[in-house]
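Participant: Sequence:
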Amino acid sequence: ADGHGFAVLFPQGYGQSWAVPGGNTPAQQAGIDDVAFVRTLLDIVGPTYGLDTSRVVATGISNGGILTELLGCSFADRLIGIVPVAGLMRRNTSAACSPARPISVFGIHGTGDPIADYHGVPGADGFLSFTETLAFWARLDGCSKTATIGSLVDSAHDNTSVITMSYSGCRSGTEVGGYAVSGGGHAWPGGMASYQIMFWKHIPSQVKAWDGDAEVKRMLPDYFQAAVDAYAMKDGSTEMDAYLDGWKWGPVQELDGAPAAVVKQLIDELTAANPRSRLLNPEES
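With the first letter of the sequence shown counted as 1, position 141 gets the number 271 in the working numbering; the numbers rise by one all the way through.
No lab work stands behind these hints, which were simulated from the structure alone.
You can take every hint at face value.
Pairwise CB distance ranges, derived in the manner of DEER restraints:
#, residue 1, residue 2, range
1, Q159, S285, 37 to 45 Å
2, A226, A160, 16 to 24 Å
3, A230, G152, 21 to 29 Å
Quantities reported herein were computed from a predicted structural model and do not represent experimental measurements.
Glycine included, every Cβ here is placed at the ideal spot set by N, Cα and C.
Could you build the full structure based on these sequences and the hints that come with them?
Facilitator: Set out below in structure tokens:
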């Protein structure tokens, strides 16, 4: 952050979750107003640290990505862009969405995401598909009616490829586009797949996420690069909760063997890399 001249704010949601109407998270059940929470944080953090709060980008993954979509609707007066990852627009959010001004949007979503279906979910409390979500923002920003489709050079050799989507002619210099990661799952570019998915979905223990962080940094505008770099936590910091329901942000790894062996290898690697990490005792698994 210091090297690129930006500040990073990592809010902590209630019950490790965010409140979005129609959701069933601890934060939503508790009646939390996370839009007001984020607004208050900026009101406090901006003056305290002398930050330019007129250039704020919101990003998040999964439930955080869904909140990011909501912030784009309800908090556009304080944002210049959003970067939702593996988080789609709720249909009830889109029905009530009326941003105060156009904002830039860049979405990233895996076509094989087992948690947030790329194709959307029907019903009032369901989700728009990934392409519908981008088209929704393009319509609000007055962009072209159709997206230009392209692809990235497949340089990572990770059994995924990236389809690019971009709209043109958006109002106020905004940009709308995204990456559809063909074969990608519920993961952050350059990160690892969710261990909750690995153990509870019984998918193969050789797990890796899309290693697209280099392409993201090459293709995205500077203010989106900052958001992606910040959230990916490239310093190698790690944390897992007591049930392996967590994420390791950092370089992609391949882990071979049965699930139990994967857990032991993972713990050994993370402990060696960061002895202060809060890790699960293998005997507790």
